[in-house]
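Engineer: Here is what each chain is made of, one letter per residue.
4 protein chains.
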Amino acid sequence: MNKVKIGIIGAGRIGKIHADNLLRHPQAEIAAISDLFAGPELEEWAQARGIAIVTKNSEEILNNPDIDAVFICSSTDTHVPLIKQAAAQGKHIFCEKPLSMDIKQTEEAIEAVRNAGVQLQVGFNRRFDHNFKRVREHIQSGAIGDAHLIKITSRDPAPPPEAYIKVSGGIFMDMMIHDFDMARFLSGSEVEEVYAQGSVLVDPVFAVHGDVDTATVSLKFANGALGVIDCSRKAVYGYDQRVEAFGSKGSSVAGNDFPNTAVLSTAEGIVSDKPLHFFLERYNVAYIEETEQFINSLVRGDAVAVTGEDGWQAERIARAAKLSLQENRPVKLSEI
Amino acid sequence: MNKVKIGIIGAGRIGKIHADNLLRHPQAEIAAISDLFAGPELEEWAQARGIAIVTKNSEEILNNPDIDAVFICSSTDTHVPLIKQAAAQGKHIFCEKPLSMDIKQTEEAIEAVRNAGVQLQVGFNRRFDHNFKRVREHIQSGAIGDAHLIKITSRDPAPPPEAYIKVSGGIFMDMMIHDFDMARFLSGSEVEEVYAQGSVLVDPVFAVHGDVDTATVSLKFANGALGVIDCSRKAVYGYDQRVEAFGSKGSSVAGNDFPNTAVLSTAEGIVSDKPLHFFLERYNVAYIEETEQFINSLVRGDAVAVTGEDGWQAERIARAAKLSLQENRPVKLSEI
Amino acid sequence: MNKVKIGIIGAGRIGKIHADNLLRHPQAEIAAISDLFAGPELEEWAQARGIAIVTKNSEEILNNPDIDAVFICSSTDTHVPLIKQAAAQGKHIFCEKPLSMDIKQTEEAIEAVRNAGVQLQVGFNRRFDHNFKRVREHIQSGAIGDAHLIKITSRDPAPPPEAYIKVSGGIFMDMMIHDFDMARFLSGSEVEEVYAQGSVLVDPVFAVHGDVDTATVSLKFANGALGVIDCSRKAVYGYDQRVEAFGSKGSSVAGNDFPNTAVLSTAEGIVSDKPLHFFLERYNVAYIEETEQFINSLVRGDAVAVTGEDGWQAERIARAAKLSLQENRPVKLSEI
Amino acid sequence: MNKVKIGIIGAGRIGKIHADNLLRHPQAEIAAISDLFAGPELEEWAQARGIAIVTKNSEEILNNPDIDAVFICSSTDTHVPLIKQAAAQGKHIFCEKPLSMDIKQTEEAIEAVRNAGVQLQVGFNRRFDHNFKRVREHIQSGAIGDAHLIKITSRDPAPPPEAYIKVSGGIFMDMMIHDFDMARFLSGSEVEEVYAQGSVLVDPVFAVHGDVDTATVSLKFANGALGVIDCSRKAVYGYDQRVEAFGSKGSSVAGNDFPNTAVLSTAEGIVSDKPLHFFLERYNVAYIEETEQFINSLVRGDAVAVTGEDGWQAERIARAAKLSLQENRPVKLSEI
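Residue numbers (the numbering used here), protein chains in the order written: chain A, 0 to 335; chain B, 0 to 335; chain C, 0 to 335; chain D, 0 to 335.
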C-alpha cells in the first residue's frame with residue numbers, strides 16, 4: 000500500500016484529534032468521516048480539511064471499497080460490532096480503548112480480525128509517550144538489569160461528569176486500563192495476579208454508581224516482578240502521569256511534562272508551573288506518533304505496535320482488579 | 000531534671016552513634032556504657048569521651064541509682080527484659096526498634112513502663128528526618144487537604160550478611176517496620192488492613208531463611224486513605240528513601256538527599272552523584288535530633304516524641320504483613 | 000486581510016521550516032518559493048506542499064501582485080535589497096536575522112519599510128520560546144520586582160563549518176545577536192553600554208578569520224540593571240540556552256528542554272539524557288509561533304511582535320560588543 | 000605535634016563558631032579566648048566548653064608559651080598586627096578574611112609568617128563546601144576538559160547594617176573576595192585582568208558610603224579561560240551561592256542547598272522551600288572542615304589548604320575590581 004485511505008467513525012474530540020494528526024502524514028488520506036450527529040458544523044470542519052464524505056451512517060464508510068482502514072472513535076458499546084464489520088470488509092482497524100466491556104466480546108472481535116487477516120491497533124497512546132518509551136528502553140537494554148518492581152502513578156486533574164461516570168465501566172476499565180497496558184509494556188511480562196484497593200474520597204457520586212475514585216492495584220508478573228499502580232480521579236495540581244522501574248542494576252524514573260522550565264524564587268518559596276494540564280497536552284505528540292506508526296505499519300505491511308491481544312490482556316487485568324475490589328482478595332488472571 | 004545521667008547498654012554501631020550524639024547535648028551526661036564484649040578498645044573509646052564506667056554487665060547500669068535514663072542498643076531479644084528491669088528501677092528508656100519480635104512481650108514491656116511511670120522512646124529515627132517532617136507538616140497544616148494516599152519507597156543499598164538475615168525477624172519486622180511507623184506518622188491515622196506481596200529477587204539466601212527481599216504492602220487507613228509501600232534489600236544506586244502524600248488539595252513529595260548538588264554534563268549525558276549511601280549518612284541529623292528531643296523531653300518533663308505504643312502499632316502492622324504474605328490475603332489489624 | 004498569500008525567498012533549511020510552519024496556519028497560503036539553486040528537488044518538495052510557483056528568480060515573487068507578504072530567508076547580504084524591493088511593492092516582510100551587517104544599511108531598510116507603510120518582522124525566534132516567555136512574564140507582572148540583573152547563557156553544540164565562519168559576521172553579529180535581543184526582550188530596557196571579553200578556545204580556525212569562539216559580554220541597561228551574557232561555539236553536551244532574571248522581589252530562572260524526563264540511577268550515578276540537540280529541536284514550537292503571530296498580525300492589522308527597530312538595536316549592541324573586544328574597553332551604544 | 004593548643008582572638012560570632020568546631024576535633028584543645036569586651040557572659044560560655052583562660056587582652060594569648068596556634072577572629076584592622084606578633088612568637092595562625100584592606104600590609108604579614116616559619120591559613124571557608132569541591136574535582140579530574148568559562152553567583156539574603164557597610168571595605172573586598180578566591184580555586188589559574196560593573200539598586204545607603212550593592216566582574220585567566228561573577232547584597236529568596244564551570248568536554252554546575260527535598264504541588268503551582276538562609280546554615284559543614292584541616296595540617300606538619308598567598312591574590316583582584324569600577328575600564332592585575 001502506498002497511500003492509506005481512511006474512514007473515521009465517530010467525530011468526537013478524540014476522532015478529530017486523530018483526523019488532524021493523520022493530515023500530517025503524507026501517506027494517509029482521510030476519505031470520509033461519520034458521526035451520528037453529523038451536521039453543518041462537522042461538514043464545515045471536514046471541508047476545511049479536504050475530507051470529501053461526511054455522513055451520519057457508518058455503513059457508508061464500512062461498505063466503501065475505496066477505504067483501506069477505519070478509525071473507530073465512537074462509544075465503547077459500538078466497538079465490537081464495528082470491528083467485526085470492518086474486518087468482514089477487509090479493512091484495517093484502529094480502535095480506541097477499551098475494545099469492549101466484555102472479555103468474550105473482545106475475544107470475538109479479535110477472532111474476527113484474525114480470520115479476516117486485517118490489522119487491529121488499539122489506542123493505547125501512552126506507549127508512544129517520550130518519557131515512558133525511554134523507561135522501557137532502559138529496561139529492554141538491560142540498563143536496570145532484571146526488573147523487580149514497576150510503579151505507575153496515574154491521576155487525572157478532575158473527574159468526568161456524572162453522565163460519563165455512569166457508563167464509563169468503572170475506574171479499572173475506563174482509566175486504569177491504560178496503566179495495566181503500561182505495566183505490560185514496561186515490564187515485558189504478563190500480569191498473573193492482582194489485588195485492588197479502592198475508596199471514594201473525591202466525590203460521593205462515584206459510590207452512587209458503584210465505582211471508586213481512588214484506587215491502588217498490586218500486581219504480580221510472570222517473571223516474578225511486583226507492581227503497584229495508584230490512581231485518582233482528581234489531582235488539583237494537574238495531570239500526574241509518572242512511572243518507575245526498579246531492577247537489579249538500577250532504576251529508571253520518569254516524571255511529568257511541564258509547560259516551561261522557568262523557576263520563580265521569591266520570599267515565599269521556589270515555584271514552578273503545574274504539569275501540562277491533561278491528556279491532550281501531555282500526550283499530544285504521543286497521539287501523533289501512534290497514528291503515524293499505524294499508517295507506517297500498513298504501508299510497510301508490518302505488524303502494528305499495539306495489537307488486539309494487548310487490548311484483551313489489559314481488559315482482563317481490569318476485570319480481575321474489579322473482582323478483587325469487590326471480594327477484597329487477590330485474583331489470579333487465570334480466573335478471568 | 001536539669002541534667003540527665005545516661006547509661007548506654009550495647010556498644011555496637013548504633014550505641015556508639017547515640018553516645019556521640021548525646022555528647023553534643025549540654026544537659027546529657029553519659030555515666031556508663033555496657034557491652035557483653037567490653038574490653039580495652041571500648042575502654043579507650045569511653046575514656047576519650049569522658050565516660051567513667053565501662054562494664055560487661057548491664058546490671059551495673061540498671062542498678063546504678065545515679066543513672067536517670069538508659070539507651071537500650073543491644074540485640075532485639077534483650078529489649079523487653081531490659082525495659083522491664085529499667086522501668087522497675089525507675090529509669091527512663093530509649094530503646095531501639097523493634098521493641099520485640101513478639102506482640103505480647105511488647106505489650107508487657109509497655110505495661111511495665113506505664114506502671115513505673117517512666118518514659119519510653121522508641122528509635123524510629125526517620126520521624127526526625129528533615130524531608131519526612133516537612134511532608135508531615137504539609138499534611139498537618141492542611142496544605143494538601145485530606146490525605147487520600149500515602150506512598151513510601153524504602154530500599155537499602157545492599158542486603159545484610161546471612162548471619163543477620165537469619166535473626167532479623169524478616170523484611171517486615173526488620174526493615175519495613177520503619178515504613179509502617181512512617182505511614183502512621185505521615186497519615187496521622189491508624190492502619191486497619193494490609194495486603195503484602197513478596198518475592199525473592201535479590202538473593203536466594205532470603206528464601207533459605209523463609210524471608211523475601213522485595214516486597215510491597217498495601218494499606219487501608221482508618222480515615223479511608225490508602226497506602227502503598229515498596230521495599231527492596233538492594234538498590235545498587237544507593238539508599239532510596241522517599242515518601243509521597245497525595246490529598247484533596249495537592250501532594251507533597253520528598254526525595255533523597257545527595258552528597259552535593261553538582262551536575263556534570265558531558266557528551267555522554269547529564270550526571271549527578273548517587274544519594275547519600277546508607278542510613279548513617281542519610282539519617283545523621285535525624286539521629287542527633289531524636290536523642291536531643293529525648294533528653295529535652297526528660298528535662299522538661301514532656302511526653303517523648305515516639306512512644307512504646309508507636310512501637311507496638313508498627314509491630315502489629317509488620318505481623319499482619321507477614322501473615323498476609325504467608326496466606327496471600329488481606330489481613331485486618333484486628334486479627335493481630 | 001482574510002488570507003495571507005506568501006512568497007518565500009530562499010529555500011535553505013530555515014526557509015523550508017518556515018514553509019512547513021506556514022502550512023499549518025489556516026489563513027496562510029504559500030504561493031511561491033524562490034531559490035538561486037531551484038531545481039527538480041525543490042519542485043518536488045513544493046509540489047507535495049501545494050506551492051504553485053517555484054523559481055530561481057526572486058523578482059517573480061517581488062513583482063507578483065497576488066503576493067501579500069514575503070519571507071526573506073536568503074543570505075544576509077541580500078536582506079536589505081530584498082526588504083527595500085518588497086517594501087516598494089507594498090509587501091509585508093518577515094526577514095531572518097540579522098537584517099544586515101551594516102547599521103546604516105539596516106537603517107535604510109527600516110526607513111523603506113516605514114515609508115511604504117508595510118510591516119517588517121525580524122526572525123528573533125527565541126522571543127517565542129515557552130521558557131523565555133515565562134521569564135519575561137515574571138518580570139513584566141512584577142513577580143520579581145525591579146530587574147537588577149539579566150543573565151543569559153548561549154552555547155551551540157558544535158561550531159559551524161569554516162565556510163560559514165568566514166562570512167558569519169563574527170560571534171557577536173551571528174550568534175550573540177539573539178542574546179542581545181533576548182536581553183532587551185527580558186529587561187524591557189535599552190542597553191546603554193557593553194564590555195566584551197573573547198577568546199579562541201574551541202578551534203584556532205576562528206582566530207584565522209579574526210573571530211573568537213568563546214565570549215562574555217557585560218551590559219548596562221538604561222534602567223540601571225546590569226547584564227551578563229556568556230557564549231560558546233561548542234558545548235559537547237548539547238544546545239545550552241538558559242536565562243536568569245534577578246530582581247528586588249526574586250528571581251526567575253529558565254533551563255534547557257530535554258527529550259524526556261527519564262532519570263536512570265545505577266551504581267555509576269544518576270543520569271539523564273542531554274538537552275534537545277540544537278535550535279531546530281529546542282525552538283521547534285517557537286518557530287511555529289513566530290510565523291503564526293506574523294500571520295495573525297497581518298490578518299488583524301496589528302503591529303508585529305518583533306520590529307525592524309528591534310533588529311536594529313540588536314545589531315548596534317553586536318557592533319558595540321565587537322568594538323569593545325577590539326579595543327578592550329567598555330563601549331557606549333551612543334558611539335555606534 | 001600531637002595535640003594543638005589554641006588561643007582564639009575575638010569572640011564574636013565567627014570566633015565562637017570556630018571554637019565550637021574545634022571542640023569536635025580530638026587533637027585540638029582551646030586553651031584561651033580573648034575579646035575586648037570579655038565579661039561574665041563570655042566567661043560562662045568558655046567555662047561550659049572547658050576553656051580555662053578568658054581575657055580582654057590578646058597579649059595574654061600571644062605571649063603564652065603553651066599556645067601553639069591562634070585563631071584571629073577580630074576586626075580586619077587588627078589582622079596584620081596580630082599576625083606579625085603571633086608569627087614572632089612562633090605560633091601558627093588561622094586568620095579570617097581579608098588579611099587586610101591594604102595589599103602592602105598583607106605582604107608584610109605574609110613575609111612575617113614566612114620568616115618565622117609558621118603556617119598561616121586564611122578563612123576562605125567556601126573552598127570546603129561540598130558542592131564547590133565537587134565542581135573543582137570535575138575540573139581537576141579532566142571530566143570537563145580544559146576550562147573555558149567559570150561562572151559564580153553570590154547573593155546575600157539581606158544587606159548588612161549601615162555601621163558595617165561603612166567599614167566593610169566595599170562589596171569587592173568584603174563580599175566578592177570569597178568569589179575571587181573561588182574563581183582561583185576552581186580554575187586552578189591566576190586572574191590576569193578584571194572588569195567590574197556596579198550599581199546601587201538595593202539601598203541608597205550604599206551610595207552614601209561610596210559603595211555599590213549589585214556588581215558583576217568579568218575575569219581573564221592566565222590560561223585563557225574567561226570568568227563572570229555576579230553579586231548582590233539582597234536576594235529575598237535566600238542565600239544564593241552557585242558556581243558553573245564550562246569546558247571543552249562538558250560542564251559542572253552546582254546549585255544551592257535546601258533545608259529539605261519536599262515539593263508541594265497544589266492548584267497554585269509546584270513549590271519547594273527556599274535555600275538554606277545564610278552562610279552559617281549553608282557553610283556549616285565547610286566551617287567544620289576548614290578548622291579540621293587546619294588542625295590536621297599542623298599535627299601532620301603538612302602545608303595548610305589556603306595560604307597567605309591565596310589571601311593576597313584575592314585581595315589584589317578585589318583591589319583591581321574596585322579600580323575598574325571607579326575608572327570604568329578593564330584593569331590588569333599587574334597594575335596592582
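Hints were generated in silico from the structure; no laboratory data involved.
We treat Cβ as the ideally placed atom computed from N, Cα and C, and that holds for glycine.
There may be inaccurate statements among the hints.
Stated by the list, open to error - Derived SDA-like pairs: lysine to any residue, alpha-carbon spacing no greater than 20 Å straight-line:
1) A/K132 with A/G254
2) B/K233 with A/I287
3) C/K132 with C/S333
4) A/K248 with B/K2
5) D/K248 with C/K331
6) A/K96 with A/E308
7) C/K248 with D/D272
8) C/K103 with C/S333
9) C/K331 with C/E308
10) A/K248 with C/S271
11) B/K132 with D/P39
12) B/K15 with B/F278
13) A/K55 with A/T77
14) A/K233 with B/A142
15) D/K248 with C/V201
16) D/K15 with B/K132
17) D/K132 with B/R23
18) D/K55 with D/P39
What the hints assert, rightly or not - The following residues of chain C were derived to be distant from chain D, with all beta-carbon distances above 12 Å:
19) V201
20) T213
21) P329
As the list claims (entries may be wrong) - For the chain A half of the interface with chain B, some residues (derived, Cβ under 8 Å), not all of them:
22) F36
23) H147
24) S188
25) T213
26) G223
27) V227
28) V235
29) Y236
30) Q325
31) R328
Engineer: The structure should be examined with respect to each hint, and the outcome stated for every one.
Structural biologist: Checked hints:
no.: 1; hint: A/K132 with A/G254; result: holds, 12 Å
no.: 2; hint: B/K233 with A/I287; result: violated, 39 Å
no.: 3; hint: C/K132 with C/S333; result: violated, 29 Å
no.: 4; hint: A/K248 with B/K2; result: violated, 50 Å
no.: 5; hint: D/K248 with C/K331; result: violated, 35 Å
no.: 6; hint: A/K96 with A/E308; result: holds, 12 Å
no.: 7; hint: C/K248 with D/D272; result: holds, 16 Å
no.: 8; hint: C/K103 with C/S333; result: holds, 14 Å
no.: 9; hint: C/K331 with C/E308; result: holds, 18 Å
no.: 10; hint: A/K248 with C/S271; result: holds, 16 Å
no.: 11; hint: B/K132 with D/P39; result: violated, 39 Å
no.: 12; hint: B/K15 with B/F278; result: holds, 15 Å
no.: 13; hint: A/K55 with A/T77; result: holds, 14 Å
no.: 14; hint: A/K233 with B/A142; result: holds, 16 Å
no.: 15; hint: D/K248 with C/V201; result: holds, 10 Å
no.: 16; hint: D/K15 with B/K132; result: violated, 30 Å
no.: 17; hint: D/K132 with B/R23; result: violated, 27 Å
no.: 18; hint: D/K55 with D/P39; result: holds, 12 Å
no.: 19; hint: V201; result: violated, 7 Å
no.: 20; hint: T213; result: violated, 5 Å
no.: 21; hint: P329; result: violated, 6 Å
no.: 22; hint: F36; result: violated, 36 Å
no.: 23; hint: H147; result: holds, 5 Å
no.: 24; hint: S188; result: violated, 13 Å
no.: 25; hint: T213; result: holds, 5 Å
no.: 26; hint: G223; result: holds, 5 Å
no.: 27; hint: V227; result: holds, 5 Å
no.: 28; hint: V235; result: holds, 6 Å
no.: 29; hint: Y236; result: holds, 5 Å
no.: 30; hint: Q325; result: violated, 13 Å
no.: 31; hint: R328; result: holds, 6 Å
The structure does not agree with the numbered hints 2, 3, 4, 5, 11, 16, 17, 19, 20, 21, 22, 24, 30 stated previously, though it agrees with the rest.
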